[in-house]
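*Asks:* So the sequence lines, in the order shown, correspond to chains A and B.
Take the first sequence: its position 237, counting from 1, is numbered 237 in this note's numbering, and each next residue is one higher.
Each number in this note's numbering comes from the position in the second sequence (counting from 1) with 1000 added on.
Because the hints were derived from the structure by calculation, they are not lab data.
Just so we're clear, the structure is a prediction, and the values are computed from it rather than from any experiment.
You may find that some hints are simply not true.
[Unchecked claim] If you want the footprint, here are the derived chain A segments under chain B, 3+ residues with CB under 8 Å:
#1 184-191
#2 195-203
#3 207-213
Think of the CB as a built atom: it goes at the ideal place given N, C-alpha and C, for glycine as much as any other residue.
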Amino acid sequence: MTAVGGGLLGHPDAAEVGLERRRAGWLRTLWRSRSGRVGLVLVGVVSLAGILGGVGLTPENPGVQSSSAVLRGPSPPHLFGTDQFGRDVFSLVLQGMGVSLEIAGIAVAIAAVVGTLGGITAGLLGRWPEALIMRGSDIIFAIPAILLALAIVTSLGASVIDSALAIGVGYVPIFVRVVRGPVLALREADFIRAGRVLGFSRRRLLFGHILPNVGGAVAVQTSLAFAWAILAEAGLSFLGLGPPPPTASLGEMVSQSSSLAGVAWWTLVGPSLAIVLAVIGFNFLGDGLRDAADPRSRTR
Amino acid sequence: MAGVAVRGWDLVKTYRGTGGRPPVRALRGVSLEVPSGGTLGIVGESGCGKSTLARLLVGLEAPSRGGAEVDGVPVTTRAGDARLQLARRIQLVFQDPFSSLDPRRTVGRTLAEVLQVHRLGEGADGRRQRVTELLEMVALGTRFADRYPHELSGGQAQRVAVARALAVQPGVLVLDEPTSALDVSVRAELLNLLVGMQDRLGLAYVFISHDVSMIRHLSDRILVMYLGKVVEAGPYDAVLDRPLHPYTEALAAAVPVPDPGVDAERRRGRSVGAPVDLREPDRGCPYQPRCPLAEPVCREVDPDLGALPGGRAVACHVAVRQAGASGPS
């Protein structure tokens, strides 16, 4: 109801009782929209696959080669068939999904945190900090993101962290823009002025009123960024610039199996399907979030 | 002698012109006084500086010159304890009730937050109790505590905004066109509510409007503003019944009278003319380009606000001369 708790972790309203109910309402709205539902299901499946692959809970050990089961087509024991070394493609896909999601996750985290901070700083401070941040992000924006990632990976190396950094940097300007716009508008909003007249601290206005109102836009963009990052990572590793051999990501699998496509199409279908499902899922989720993030869409 | 709730003197606000444009002089020396428990009405067309004045009075912006005090305490724009103290003396109600409420907070949370910041009401229960009282004060029920702003009508949202302002129990409420975003049917309701609360709580109001008729039931005195200046001041009835400044006359004539004959008669031959460039003329009276009575002196000398008998004042060469000619009443 209207209870306001004593402030958890310094956040003004973290202990708010109404929070739970609002969260629930938010998820329910997401589920009610078709794109939200499709997105949630696909992202759920993809994430589950990635987690299983990441912790090694695959039907077969993806590293184990078997000379007696080379290039078998899809069948009950091997859902996606086997590759030229007799490895289970399904297990490889799970593992690759884990790697892809890890890289994409770190990349998106970098982009979202840096970009959101940049956008808020630019929107709130204005003047030269804004000019600096906006021109800086224009420069990054001017370079095609995949080229930028290529350049960074070739100069830094291709470990998981380096790949993530390379992919994340290109997405920073998008977060900067997505956040700065609303912050500019919110800074002049009457409810922020009302808060100032009421003597609210800057911290309260920023964390309690401005941030929650850009949160929706950030959530949407995060989901779309995930889709982009998975694709970018696949592109990089397809070109042989992914993390080195023991950690095979989906793009690398596509690259390796493309030469076999004529003989064993299933080795290509498995990883490709995984990439497509992940990208579609995060895109749909982003669309669904866009609708759900607006409190006006939440009819109870 | 009743105390003075708000005093502002020689308030000037100049905004830097952007992109090579000349600076905008939004306020050009406005002084005002609001007695405790009384109402000062401020009228004028858009761009005359009414809203700038409101922002200076509550400390949202600092004046370029001059100053203001509430209950003898100077108005400050700086954050901190002084700001909190000022907040409990003077509050502002905005024109657009929806943009003045955080869309992500329920009414209850919005009100409770104010109480929490000002440490009013003991604990969550005390605050909930107080939120109920506030909602009842503005004639909304407890059930509104769970509503989001988009679930309210304009009139309800504006009541919530009033309740939020009153949560800190201020002595003065600055109302910046509080009714102009509302449907005509709910304007009267809000005005009645405001009148009732003034009687009950002894509030002083600064009521800003572009529509003189809107402040009739509330105002004891009014200031008529034009391009950042006060052109006429005085008791409401005297100013509206016998306007001295030609601009006030035009405003008074624009008030509709529920009698077609009288209305047509009053409107005859009077025209305010099209609004002109809001950057005032280089010299002379700011109203002179639109004024039907303009004389050569009006193009040269900007008239000061001259005091007249009966607590009135007018900034007009012609009106002052005519008032002088007719002799002290």
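*Asks:* It remains to establish, for every hint, whether it holds in the given structure.
*Replies:* Tested hints:
no.: 1; hint: 184-191; verdict: holds (count 3)
no.: 2; hint: 195-203; verdict: holds (count 7)
no.: 3; hint: 207-213; verdict: holds (count 4)
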